[in-house]
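Visitor: Residues per chain are reported as follows:
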Amino acid sequence: MSAVADRKAAPPTSTDARGRGALGSRLRGTVLPPLLAVVIALAIWQLLVVLEVKPAYVLPSPATVFGQLFTLLSDPTFLSGIVRTLSRGILGFLIALVIGTAIGLAVARSRFVRSAIGSLLTGLQTMPSIAWFPLAILLFQLSETAILFVLVLGAAPSIANGLIGGVDEVPPPLMRTARSLGGRGFGLILRVILPAALPAYLSGLKQGWAFAWRSLLAGELLVIIPNAASLGQLLQFYRELSNAPSLYATMIVILVVGMVVDQVFARITNGVRERRGLSALRN
Amino acid sequence: MTGTATAEPIRIIGVGRTFGGAAGTVALEQVDLVVQEREFVCLLGASGCGKSTLLSLIADLDAPTTGTIDLGGRRTAVMFQDANLFPWLTVAGNIELALRFSGVPKADWSRRVTELLDVVRLPGAEKRRPHELSGGMRQRVALARSLAQEAEVLLMDEPFAALDAITRDALHGEIERIAEERRLTVIFVTHNVREAVRLGDRVIVMKPSPGRIVREERVPLPRPRRMEDPEVARRAGELHDELDLQAGGAR
Numbered sequence: 030m031s032a033v034a035d036r037k038a039a040p041p042t043s044t045d046a047r048g049r050g051a052l053g054s055r056l057r058g059t060v061l062p063p064l065l066a067v068v069i070a071l072a073i074w075q076l077l078v079v080l081e082v083k084p085a086y087v088l089p090s091p092a093t094v095f096g097q098l099f100t101l102l103s104d105p106t107f108l109s110g111i112v113r114t115l116s117r118g119i120l121g122f123l124i125a126l127v128i129g130t131a132i133g134l135a136v137a138r139s140r141f142v143r144s145a146i147g148s149l150l151t152g153l154q155t156m157p158s159i160a161w162f163p164l165a166i167l168l169f170q171l172s173e174t175a176i177l178f179v180l181v182l183g184a185a186p187s188i189a190n191g192l193i194g195g196v197d198e199v200p201p202p203l204m205r206t207a208r209s210l211g212g213r214g215f216g217l218i219l220r221v222i223l224p225a226a227l228p229a230y231l232s233g234l235k236q237g238w239a240f241a242w243r244s245l246l247a248g249e250l251l252v253i254i255p256n257a258a259s260l261g262q263l264l265q266f267y268r269e270l271s272n273a274p275s276l277y278a279t280m281i282v283i284l285v286v287g288m289v290v291d292q293v294f295a296r297i298t299n300g301v302r303e304r305r306g307l308s309a310l311r312n
Numbered sequence: 147m148t149g150t151a152t153a154e155p156i157r158i159i160g161v162g163r164t165f166g167g168a169a170g171t172v173a174l175e176q177v178d179l180v181v182q183e184r185e186f187v188c189l190l191g192a193s194g195c196g197k198s199t200l201l202s203l204i205a206d207l208d209a210p211t212t213g214t215i216d217l218g219g220r221r222t223a224v225m226f227q228d229a230n231l232f233p234w235l236t237v238a239g240n241i242e243l244a245l246r247f248s249g250v251p252k253a254d255w256s257r258r259v260t261e262l263l264d265v266v267r268l269p270g271a272e273k274r275r276p277h278e279l280s281g282g283m284r285q286r287v288a289l290a291r292s293l294a295q296e297a298e299v300l301l302m303d304e305p306f307a308a309l310d311a312i313t314r315d316a317l318h319g320e321i322e323r324i325a326e327e328r329r330l331t332v333i334f335v336t337h338n339v340r341e342a343v344r345l346g347d348r349v350i351v352m353k354p355s356p357g358r359i360v361r362e363e364r365v366p367l368p369r370p371r372r373m374e375d376p377e378v379a380r381r382a383g384e385l386h387d388e389l390d391l392q393a394g395g396a397r
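For the record, the sequence lines run as chains H and E.
The opening residue of the first sequence carries number 30 in this note's numbering; numbering runs sequentially from there.
The opening residue of the second sequence carries number 147 in this note's numbering; numbering runs sequentially from there.
Hints are computed from structural coordinates only; laboratory data are not their basis.
Only a predicted model underlies this, so the values are computations on that prediction, with no experimental measurement involved.
Quick reminder that beta carbons are idealized off the backbone N, C-alpha and C, glycines included.
It is possible that part of the hints are untrue.
Partial list, computed: chain E residues near chain H (C-beta under 10 Å) [stated by the list, open to error]:
no.: 1; residue: LEU179
no.: 2; residue: SER202
no.: 3; residue: GLY219
no.: 4; residue: ALA223
no.: 5; residue: ASN230
no.: 6; residue: PHE232
no.: 7; residue: LEU235
no.: 8; residue: SER248
no.: 9; residue: LEU268
no.: 10; residue: ARG275
no.: 11; residue: LEU301
Only chain H is shown next, with the shape it has when bound in the complex (with noise of 0.2 Å):
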């Protein structure tokens, strides 16, 4: 009983040293660079300021727009901004990735869908989002669902063929391997094709949500909804009112936003990829 306790109390000790002596130099690995960029960053837009290279008016000073920038997150106007655009870009990626989602397994399954849309998808995925407004704004006029329509078609395109891709890369072997299992129909689709896809699908879920947040953005630009703040439209009044400091505050939530949810994907695969034994290829 006693021998099982000290089995239990010992690990924790050798995890904690082991797991202080992985924070720091994690911390090293992964924090330090990025930070000394910022800091890198902002030196540069302070010296160019201090310069005056452009009047204060337009380009205002670091700290002033990190001033304004708090400012801007207790006001009420400003946060339903962040919040709808946000609601708008989750909504419309659900809505890509199970549509993407569809289509890219219909291509990757059958010849004929194939040859009928395969090289449709590319295309799409190829077409500026903008050029897609007028016609979303003539059909559904100024309106969310402009703003949605014009963002799934950003973002299906690349998820499908994030699918496509993975499900054509599914190593022959390992399907000859399936297959020799046993595994037939809709029970390999599911067990091995699907799973094997996964890091492929990923990067095209990826992808997808970066094309679905341009998309928004340039969307909420051009579709002024009355009454109801976005993230593109607060820009586009700030621009209007020439208050330079909202205006940079507000890019800065947008770019903050555009890598919180990059950092989120990059967890996902980076977690799938260390299960596989795929992460040592990286070192």
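Fit chain E to the given chain H structure using the hints.
Guide: Leaving out everything else, chain E in the frame of chain H:
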């Protein structure tokens, strides 16, 4: 032993396989082979002699251009040179997938996994991930996964060719023991003469262009055998010399 003496053998009659149409490459030509119940047969030959093609045909992973293969209602399980473990699954998950595909009820999985890991001498490895295992351990898991199918015929395509000699020798012993315990019929593809003599009740020698059977050799040595047994070495040497003579500058 009841019934085994009267069981129909595996009959491979006039089997040919041509890739790429009528004028294509002839991978196999007019192969006839009868494998008895519980026999351990080694298909031996240089690369391109069609031995792996023949194995895929027996495994029903490919269809012959001519001829017939009659397994007498037996099921087959295959093991390849690479373990091809599914990297997103644990060791237990890999074996469970084979059980699932074989229609084994979920309630029996855990017991069967434990039992199979004992058979391949990897007890307690359930939760480990494929990338954490050595090459030899991976092949043991692949073997457990193949055995999970409860097939009567085990088809092995150079399963130990990528392993170091010590690991390979250990696995030779395991496969000999498991084939005996589980009353398996084994068809084992190799390009290693010594390995063929070490394992086989019978060695079928194949030659390329086109792939065909050129001779067969019984190995009536007692089991368990060892790679270093003088008699294994002597017979392998003879077979080797003969293969060299036959190859005679062709390759």
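Visitor: Each hint needs a verdict: does it hold in this structure or not?
Guide: To see whether the hints hold, each was checked on the structure:
1. LEU179: With a closest approach of 20 Å, the LEU179/E hint is violated.
2. SER202: holds (8 Å)
3. GLY219: violated (16 Å)
4. ALA223: Hint holds; ALA223/E Cβ to chain H Cβ min 7 Å, cut 10 Å.
5. ASN230: holds (4 Å)
6. PHE232: Check passed: Cβ of PHE232/E comes within 7 Å of chain H, closer than 10 Å.
7. LEU235: holds (8 Å)
8. SER248: holds (6 Å)
9. LEU268: violated (18 Å)
10. ARG275: holds (6 Å)
11. LEU301: With a closest approach of 8 Å, the LEU301/E hint holds.
Hint violations for this structure: numbers 1, 3 and 9, all remaining hints satisfied.
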